Amino acid sequence: MTIDFETPKPIAQMQTMLQSVAENMMRTTSREFDENEHGIPWDYIEFMHTAMKAAGGGGGLTPTDEKPKEGAEKRASIGYQKLAAQIEMLSWGDVGYYLITPGGGLGAAAVQAAGSPEQKAKFLARFNDDKPTFAAMCMTEAGAGSDTSAIRTRAVLDEATKEWVINGEKIFVTGGDKSFTEYEKLGKGFIVVWASIDPTAGRSGMRAFVVESGTQGVSIVKLEHKLGIRASDTAVISLVDARVPYENVLGSPTVEKTTTGFKGAMATFDATRPLVAASGLGVARAALEFLKEKLKENGVQIRYGLPRNKLTSIERDVIDMEIMLKSAWLMVLKAVWMADNKKPNALESSMSKVRAGDVTTKVTQKAVEILGPIGYSREFLLEKWFRDAKITDIYEGTGQINRLVVARQILGYTGAELR
Amino acid sequence: MYSFEPNEEQQMLVDAVGKYATNDLRPAAHDAEEGHELPKKLISKGWELGFLQASTPEAYGGFGERSAVTGALAVEEMAFGDLAGALAVLTPSLFATPILLGGSEEQKQQYLPAIVGGDWAPYTAALMEMSFDFDPNALKTTAKADGGSYVLNGEKIFVPFAKAAEAMIVYANLNGVTQGFIVDKNAAGLSISDEREKIMGLNALPMYRLKLENVTASRLGGASGHDFGLILSAMRIASASAALGVAKSSFEYAKNYAKERDAFGVKIAQKQAIAFMLAEMATEIEAMRLLTWEAAWKLDNNKEDSCVSAYLAQTGSADMAMMVTDRGVQIYGGHGYIRENPVELLMRNGRGFAMLLGLAIV
Ligand SMILES: Cc1cc2nc3c(=O)[nH]c(=O)nc-3n(C[C@H](O)[C@H](O)[C@H](O)COP(=O)(O)OP(=O)(O)OC[C@H]3O[C@@H](n4cnc5c(N)ncnc54)[C@H](O)[C@@H]3O)c2cc1C
Ligand SMILES: Cc1cc2nc3c(=O)[nH]c(=O)nc-3n(C[C@H](O)[C@H](O)[C@H](O)COP(=O)(O)OP(=O)(O)OC[C@H]3O[C@@H](n4cnc5c(N)ncnc54)[C@H](O)[C@@H]3O)c2cc1C
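Protein sequence lines correspond, in order, to chains A and B.
Anchor point for the first sequence: position 60 equals 969 in the numbering used here, and the numbering is continuous, going up by one each time.
Anchor point for the second sequence: position 211 equals 277 in the numbering used here, and the numbering is continuous, going up by one each time.
Because the hints were derived from the structure by calculation, they are not lab data.
Please read all numbers here as calculations on a predicted model, not as lab measurements.
Glycine is no exception: its CB is placed at the ideal position from the N, C-alpha and C atoms.
Keep in mind that a hint or two might mislead.
To be verified - Below are the PhoX-like pairs computed for lysine-lysine, each with C-alpha atoms no more than 25 Å apart in a straight line:
{"#": "1", "chain 1": "B", "residue 1": "Lys369", "chain 2": "A", "residue 2": "Lys1201"}
{"#": "2", "chain 1": "A", "residue 1": "Lys1029", "chain 2": "A", "residue 2": "Lys1071"}
{"#": "3", "chain 1": "A", "residue 1": "Lys1205", "chain 2": "B", "residue 2": "Lys206"}
{"#": "4", "chain 1": "B", "residue 1": "Lys206", "chain 2": "A", "residue 2": "Lys1219"}
Said to hold, decoys possible - Each pair of labels, with its calculated beta carbon distance range:
{"#": "5", "chain 1": "A", "residue 1": "Thr937", "chain 2": "B", "residue 2": "Glu171", "range": "33 to 39 Å"}
{"#": "6", "chain 1": "B", "residue 1": "Glu100", "chain 2": "A", "residue 2": "Ala1110", "range": "57 to 63 Å"}
{"#": "7", "chain 1": "A", "residue 1": "Arg1287", "chain 2": "B", "residue 2": "Asn219", "range": "58 to 64 Å"}
{"#": "8", "chain 1": "A", "residue 1": "Lys1252", "chain 2": "B", "residue 2": "Arg405", "range": "51 to 57 Å"}
{"#": "9", "chain 1": "A", "residue 1": "Glu915", "chain 2": "B", "residue 2": "Asp97", "range": "41 to 47 Å"}
{"#": "10", "chain 1": "A", "residue 1": "Met926", "chain 2": "B", "residue 2": "Val243", "range": "39 to 45 Å"}
{"#": "11", "chain 1": "A", "residue 1": "Ala1110", "chain 2": "B", "residue 2": "Gly331", "range": "40 to 46 Å"}
{"#": "12", "chain 1": "B", "residue 1": "Ile404", "chain 2": "A", "residue 2": "Gln1318", "range": "26 to 32 Å"}
Construct the complete structure from the given sequences, taking the supplied hints into account.
This is how it looks when you write it as structure tokens:
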């Protein structure tokens, strides 16, 4: 190993391919599905499903075990690196669309992280079927957001039927509608619902349950209207005496004194935080490129290499934005490279998310400011990217929660020592 | 292939430099600053780590190849110990590395084996000039061709060890392009200030002003000259790396202090106001480190945009160093303001990265 920043060929090729998807399928209808909030871009969903199947990457946007072919030496997988680059490019096209790319999403990630081999086989195979299929993850509740240990949803084992009976309400479920509602054009999806099997046990009592679409007692109560990422449905899901087979619990069905149940959720986040970061940075790159293009059209050059105090304020802003964006992307790459190389990356994952949350919001906000009415007009997509960008600093751990994770890691503190 | 892991040789160098920085430079930093002097033995010990030697090919008396990535790693580690000490140890590189990068075969043979094979000796370089918008690509010091040689006129500031220097590279404007010129210590028309430069930080590093009045010099690379862009990028990456080292030092001190200091019944690190500052400091350092590594890697691999990358890394790291070292003082509270504690010197040194250039090269 030696320090190397050369983009692996399979990643570079994939980027070229997805850029054309972004330009020809996403950007062309971005505005339409931003203004028609609960419309569904079926063309995109069906195209992506077919394309991913043809490429052999069934299961949608999940990391593969891909190893680059060049070079004789044994190499580590680049699956997560490729995935991060895919997500960045799709989000450069439209982050709302990226979020409705068919596949297992966060739901499958939870099964991956906390499921047994049998469960993985059972629940994950469907994403390779003929119809596009979705899965979602339901953690957040009205009274439990960042503080996931406060969730009230209960799962009780009915000894007679050997079924789990789940009661509660989940909010902000990304893809909840496409995963649960039985659409003609979609395969049978599922949602992963986090619930407590023992409220006295705190975090160690928390378990994730696979709830198949169409399950009795489960309903989509509402689809949210949002600031941005409007192509992505965000559902409120209620569970009233919903019955789920015994074997659909991920992890141990009994409460030990460990916190393994919760660790499952946290392991999911270590893996997905850099991916959320990558997604945000795709939006930021779109905004920065648009800004530079418009400046160029208007005869404004960025004179790299000049001392700071010879630059105009616009030049300084653009240069700062580039520094932010490029360095944030390298942090994502490092975090996913560590994941591919099986190095523990909780610190790097959260750092990349902290940085991407900041950078994505700052870059998009600054771009709108600099371009004045061009930035603010709905004639262009920049104002949409500004709205889309903000979610990066909120979901998968807010900027503050990720700062807590980073601080605990560097200080060697537990959650009790630094809350 | 992406990889973020130094190779074995680099790791060995980093470990050796890190040990020296932590055990030798760091404890000496305060007294050196206050006493305006670095112990000679301290400099020799750093020189003996062999960083320049390992970056010079065998043909010129060394035992390795120059790599900006390796240089970036080493400079960060060394500056973590003490910026003045690190710059002193690395001063001969200011002369040797540009010769390696842009010198003619004859110039390389004339200077490199002697510098690399000998004890630490004050070979140096003069780049900076006294103007608020100093621009390395638009120097006020001029060079004019005069037969086979060149004539230099102008003034230079912040030249490390100039008084004792055997020879130096002086950068000057040759028909609108910056070029380096080799100036001998006895050159007629060269005058070096008796007084040392007085600046906000770096008081342990002896720096001087130069006046050049019709000084005859030879051009780096001979009549055809050299690519100053390469040298400038290598300086920018060194500056960024040194900024990382200084920032990391302040961060480490602040982190440890915050875990020790009690207020309101808890350690101050247990307050989010402090913990979040530390998290942001660590994040910002890591971000600029990766940007710097990438720029260095581009330089080593002759990538087209390596100059822009080096510029971005330097610019970003300068801001980062100010942000981090300011917070280092803030976390120490009133004690951070007192010169007995290390963070105030780091803050003074931290600001320097916004204007100092050409004091190190990788
Ligand atoms: C569009 C969208 C999609 C989403 N998708 C999903 C999904 O698919 N599945 C899912 O389970 N959830 C999802 N979420 C929920 C998301 O993860 C939560 O919104 C997020 O975790 C924050 O929780 P909250 O909204 O309850 O805010 P709160 O937790 O109430 O936070 C409010 C504010 O307080 C801060 N704060 C909270 N705790 C602390 C602390 N200890 N220290 C300092 N500051 C603190 C937060 O940073 C924030 O600024 C989604 C949300 C949105 C908006
Ligand atoms: C030049 C100078 C002159 C001074 N003159 C006087 C004087 O004339 N008379 C006098 O009595 N004092 C004087 N002081 C002392 C000054 O008021 C204190 O230094 C200051 O109140 C901070 O206290 P501290 O240094 O003990 O820092 P600490 O209280 O130890 O604070 C260290 C860090 O922790 C932070 N912190 C502390 N508590 C919390 C909290 N609850 N939440 C979040 N962050 C926290 C602080 O903001 C700081 O960043 C002087 C100090 C200096 C440097």
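Hint check:
1. Between Lys369 of chain B and Lys1201 of chain A the alpha-carbon distance is near 22 Å, which keeps this suggested pair within the 25 Å criterion.
2. Annotation: proposed proximity of Lys1029 of chain A to Lys1071 of chain A holds, straight-line Cα distance about 21 Å (limit 25 Å).
3. For the hint linking Lys1205 of chain A to Lys206 of chain B, the alpha-carbon distance of about 31 Å lies beyond 25 Å, and the restraint is violated.
4. For the hint pairing Lys206 of chain B with Lys1219 of chain A, the CA-to-CA distance comes to about 16 Å; that is within 25 Å, so the pair holds.
5. For Thr937 of chain A and Glu171 of chain B, the Cβ-Cβ distance of about 59 Å falls outside the hinted range of 33 to 39 Å, so the restraint is violated.
6. Our hint of 57 to 63 Å for Glu100 of chain B and Ala1110 of chain A holds, since their Cβ atoms are close to 58 Å apart.
7. As the Cβ distance of Arg1287 of chain A to Asn219 of chain B is approximately 59 Å, the hint placing it in 58 to 64 Å holds.
8. Between Lys1252 of chain A and Arg405 of chain B, the C-beta spacing of about 41 Å breaks the proposed range 51 to 57 Å.
9. At roughly 45 Å, the beta carbons of Glu915 of chain A and Asp97 of chain B sit within the given window of 41 to 47 Å.
10. A hinted range of 39 to 45 Å for the beta carbons of Met926 of chain A and Val243 of chain B is consistent with their spacing of about 43 Å.
11. The given range of 40 to 46 Å is broken by Ala1110 of chain A and Gly331 of chain B, whose C-beta atoms sit roughly 30 Å from each other.
12. The given range of 26 to 32 Å is respected by Ile404 of chain B and Gln1318 of chain A, whose C-beta atoms sit roughly 30 Å from each other.
Hint violations for this structure: numbers 3, 5, 8, 11, all remaining hints satisfied.
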